[in-house]
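Enquirer: Make the full structure from the sequences, and use the hints.
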Amino acid sequence: KAGVTQTPRYLIKTRGQQVTLSCSPISGHRSVSWYQQTPGQGLQFLFEYFSETQRNKGNFPGRFSGRQFSNSRSEMNVSTLELGDSALYLCASSLLGDYGYTFGSGTRLTVV
Amino acid sequence: GQQVMQIPQYQHVQEGEDFTTYCNSSTTLSNIQWYKQRPGGHPVFLIQLVKSGEVKKQKRLTFQFGEAKKNSSLHITATQTTDVGTYFCAVVLGAGNNRKLIWGLGTSLAVNP
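Residue numbers (this note's numbering), protein chains in the order written: chain A, 1 to 112; chain B, 1 to 113.
Hints are not guaranteed to be accurate.
[As the list claims (entries may be wrong)] Part of the chain B face toward chain A, derived, beta carbon under 10 Å:
(1) Asn24
(2) Gln37
(3) Pro43
(4) Phe45
(5) Val84
(6) Thr86
(7) Ala90
(8) Val92
(9) Asn98
(10) Lys100
(11) Ile102
(12) Gly104
(13) Leu105
(14) Gly106
(15) Ala110
(16) Val111
No wet-lab data here; the hints were simulated from the structure. Every residue, glycine too, gets a C-beta built ideally from N, C-alpha and C.
Expert: What follows is the structure, encoded as structure tokens:
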């Protein structure tokens, strides 16, 4: 079966811009979680969506938002980009959100 | 708040040596998951442990869940260069809308050929 697909793979944006990242989970998986990964901070949880509802949220400012569609595909948006937002953004899907998350290859965002 | 402590942060071994990473929590865990992330890659799920004292093996990898379900370890026997990467533990805490997957900071393993 197809894995978790994230697009785009790489992105370069300017400070102040906004960006939208996309994640298509494994077919049948209803839980989609987003993470920010930086060298010094490890994996930081952004939010989790389950059946189109945000089920949980990490400690990120309101500039970070997301949504999930009826087909379980998810998007996350970052507005007013800052240099510190440069990171690898990972999406992970799970059947019910409590076992064996499958990660996508990530989107590497660089803010200049 | 709840934290999952993972040690060591880095480990450098000669090929053929053993390697162990530990994950510790101050509270009792319902389960623990282990992931491996190769350099430039994304985390890949390895295993989940649920039962007290549980030991599971995957070829040269041995995973153990402590009797008190507060700690876990991943042991690699006779490391190979293909074992290079960062090993993360992750635990599910809370329930319902408060459920979160909390990650350790990972142990980065380097293997000298």
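Enquirer: Each hint: holds or not?
Expert: Here is how each hint holds up against the structure:
no.	hint	in the structure
1	Asn24	violated (16 Å)
2	Gln37	holds (9 Å)
3	Pro43	holds (5 Å)
4	Phe45	holds (5 Å)
5	Val84	violated (16 Å)
6	Thr86	holds (9 Å)
7	Ala90	holds (8 Å)
8	Val92	holds (6 Å)
9	Asn98	holds (7 Å)
10	Lys100	holds (6 Å)
11	Ile102	holds (8 Å)
12	Gly104	holds (8 Å)
13	Leu105	holds (4 Å)
14	Gly106	holds (6 Å)
15	Ala110	violated (15 Å)
16	Val111	violated (20 Å)
Of the hints listed earlier, those the structure fails to meet are numbers 1, 5, 15 and 16, in rising order.
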